[in-house]
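Number of protein chains: 2
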Amino acid sequence: MANKTNISTLGEFGLIRHLTKDIHPKDSTTRYGIGDDAAVLDFKTYQTLVTTDILLEGIHFNLEYVPLKHLGYKAAVVNFSDIYAMNGRPTQLLVSLGVSKRFSVEDLEELYSGLRLACEAYGVDIVGGDTTASMTGLTISITCIGTAKKEDIVYRNGAQINDLICCTGNLGAAYMGLQLLERERAVGESDPEKAQAAFQGKEYILERQIKPEARKDIIAALKKAGIHPTSMMDISDGLSSELLHICKQSGVGCSVYADKLPIDYQSAAMAEELNMDIVTCALNGGEDYELLFTISQKDYEKIIPVEDVNIIGYIQKPELGCNLVGRNGEEIALKAQGFNAFTD
Amino acid sequence: MANKTNISTLGEFGLIRHLTKDIHPKDSTTRYGIGDDAAVLDFKTYQTLVTTDILLEGIHFNLEYVPLKHLGYKAAVVNFSDIYAMNGRPTQLLVSLGVSKRFSVEDLEELYSGLRLACEAYGVDIVGGDTTASMTGLTISITCIGTAKKEDIVYRNGAQINDLICCTGNLGAAYMGLQLLERERAVGESDPEKAQAAFQGKEYILERQIKPEARKDIIAALKKAGIHPTSMMDISDGLSSELLHICKQSGVGCSVYADKLPIDYQSAAMAEELNMDIVTCALNGGEDYELLFTISQKDYEKIIPVEDVNIIGYIQKPELGCNLVGRNGEEIALKAQGFNAFTD
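Top line first, the protein sequences correspond to chains A and F. Heads up, the first sequence is in the working numbering, so the first residue is 1 and it goes up one at a time. Heads up, the second sequence is in the working numbering, so the first residue is 1 and it goes up one at a time.
Among the hints, erroneous ones may be present.
[Claimed, not checked] Derived coverage of chain F by chain A (criterion: at least 3 residues anywhere in the stretch with Cβ under 8 Å from a Cβ of chain A; other residues may be distant):
id : region
1  : 34-40
2  : 51-60
3  : 107-117
4  : 198-204
5  : 291-303
[Stated by the list, open to error] Think about it this way: if two alpha-carbon atoms lie no more than 27 Å apart in a straight line, the pair counts; the simulated BS3-like pairs of lysine-lysine are:
id : chain 1 : residue 1 : chain 2 : residue 2
6  : F       : Lys21     : A       : Lys150
7  : A       : Lys149    : F       : Lys69
8  : A       : Lys150    : F       : Lys248
9  : A       : Lys335    : A       : Lys44
10 : F       : Lys101    : A       : Lys101
11 : A       : Lys21     : A       : Lys4
12 : A       : Lys335    : F       : Lys26
13 : F       : Lys248    : A       : Lys26
14 : A       : Lys101    : F       : Lys335
15 : F       : Lys211    : A       : Lys21
16 : F       : Lys149    : A       : Lys150
17 : A       : Lys44     : F       : Lys44
18 : F       : Lys150    : F       : Lys44
19 : F       : Lys194    : F       : Lys223
20 : F       : Lys69     : F       : Lys21
21 : A       : Lys149    : F       : Lys26
22 : F       : Lys211    : F       : Lys21
23 : F       : Lys260    : F       : Lys302
These aren't lab readings, by the way, just hints derived from the structure by calculation. Model, not experiment: these values are computed from the prediction. Here a beta-carbon is modelled for each residue, glycine too, at the ideal position from N, C-alpha and C.
With the sequences and hints as input, model every part of the structure.
See the structure below:
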């Protein structure tokens, strides 16, 4: 970048003012945003939803291949996804940053531009946060508030025996995008042009990793179709891990069919290229931010016309366990192999 | 500590479960706490307050002299303080941690025990959060939710000309406690017994730094006295800095009297010992978490019986500026010299 302004020229309050000066709340539930000890929200008779997420450089993102603007966008969207997964509407965002001296004012403007783009796209107000120095790297902590009518909220613990298991979009694409980025980073160090060429025809899986979207559209479509899921969560750690959460909390088992798992052709091709098993990637990849939900069998006719929803299995008695049914009918117990940041 | 369990033995989900397994919501506004995509809160016709804070090792705390339990307590309390500063009641807390391999499960239990002690003392529910690995050190990001009736909320922007300026407790003690800790850390490296002895008679300023409290009692007392402040905030960055915020946002000026600033004798003695000016420390020290507020002159009679409140000056026309009046009547413009984490 041409200009790099040292953060210390603005100071802590100056930096916060600079980054937030033209942020103005729009949602009717925001009564007061940035600029006091706390933001003030008014949900009237609606209930309040709240979720939080912390992202650390070197653990959750690598700035060598993720632009700051995209990182900001993704940090916001993954929190919106949690609110949609409650069948709610995200309304406010709080943004806390820890920033080392390596970053300039312009870098933080980039990050904020991504956060704001996401907030505008989803109709969410930035109402507060904290920005401070850090000893090393970038820390992003996001809290998202949302709202829903009491009777609309969908928890993880409501799945019933014989319910249908649905998931939206397709699985494993974000993970395959990450594999591609990591491979090309190594290649790119020796030959930048070659790395660039390797992205051709793989734009979709890259976008799924770098600029994911939350399924606001599905929440609207389910409402329109008159379907109230019996349980729901978003797929951030991988389908297996999330299904096991729903089954454990609902006290049920499940059967999921390998040949029903939705997989995009770019994901499949990438897995082939890397000699990986695409079903394993779809089950455990994570970061897809699709919705996983269960519906009553009586809603079967209603779900068919809803676009981009796949029925992948059904809920069964707990004593039957949580299984993946293979192409030849063989059953394998599902395992949570989701991302474990604490492994050596 | 005797036992040190490596965090990787529990894994990410296991660790979160371990740390939160016996946390149960108590407040009537918490409908669902930890264990879903988002917590669910119900404030009915009350408004929702939300504030967030990020604390980074090496910037905001030094584990060489702050025990993890105290750190947890303080991290929670400083957020409660922000909710009280809106004349609200803190109700829920979300806790996000970034933890390097240097920390054990027992370390995090200590941190959580402090967080929980604070929550129990103030009647706040822990309803969610995130725990993840970090490359370096400890990151603590806290979001606090609170509630208040619309008509009770006090903003920073309501101070009126001729209002009285009040502050609670005393100022500069937390800063003097920090000076003492930093001095003794250096001494302690060569002679631990000598450092221990140096704390005698200085317990109060140490406690103000290590285990601050939020002024829940003052909020209750003001309510009982029938006083609705015209503006209010908590003193985290120092009186000067906070007063300038109130004056700027209210579009007014102020006069504050040096000889009215409340100072504890231990703070004064410590300043003397370190050859520092105690008035400067009281104005700029920060971390006192006292409340700064303005009241209408008509409430003068009502405020007198309220314990631990000091009238330190008055609000004036903006063109008269924001001034400190010295013992001999001389006026000096107030400056925000608060903590600037971005300075080299």
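Q) the region 34-40 of chain F covered by chain A? Criterion: 3 or more residues, Cβ-Cβ distance below 8 Å. A) holds (count 6)
Q: Quickly compare the C-alpha distance for Lys149 of chain A and Lys26 of chain F to 27 Å and report which way the hint goes.
A: With Cα atoms ~22 Å apart, Lys149 of chain A and Lys26 of chain F stay inside 27 Å; holds.
Q: Measure nothing beyond the straight line between the CA atoms of Lys21 of chain F and Lys150 of chain A; if it is 27 Å or shorter, mark the hint as holding.
A: holds, 26 Å
Q) Does Lys44 of chain F lie within 27 Å of Lys150 of chain F when you go C-alpha to C-alpha? A) holds, 12 Å
(Q) Between the alpha carbons of Lys44 of chain A and Lys44 of chain F, is the straight-line distance 27 Å or under? (A) holds, 6 Å
Q. Taken at face value, is the distance from the CA of Lys21 of chain A to the CA of Lys211 of chain F at most 27 Å?
A. Not satisfied, since the Cα-Cα distance of roughly 34 Å exceeds 27 Å.
Q: Mind checking the alpha carbons of Lys69 of chain F and Lys21 of chain F for me, to see if they're no more than 27 Å apart?
A: The hint holds at about 18 Å.
Q.
Check the hint pairing Lys150 of chain A with Lys248 of chain F against an upper bound of 27 Å on the C-alpha distance.
A. violated, 40 Å
**Q.** Coverage criterion applied to the region 51-60 of chain F (partner chain A; beta-carbon cut 8 Å; 3 residues)
**A.** holds (count 9)
**Q.** Given pair status - Lys26 of chain F, Lys335 of chain A, alpha carbons within 27 Å
**A.** violated, 34 Å
Q. Does Lys26 of chain A lie within 27 Å of Lys248 of chain F when you go C-alpha to C-alpha?
A. With Cα atoms ~24 Å apart, Lys248 of chain F and Lys26 of chain A stay inside 27 Å; holds.
Q.
Can you confirm whether the C-alpha distance between Lys149 of chain F and Lys150 of chain A stays at or below 27 Å?
A. The given pair, whose Cα atoms are some 21 Å apart, holds under the 27 Å limit.
Hint violations for this structure: numbers 3, 4, 5, 7, 8, 9, 12, 15 and 19, all remaining hints satisfied.
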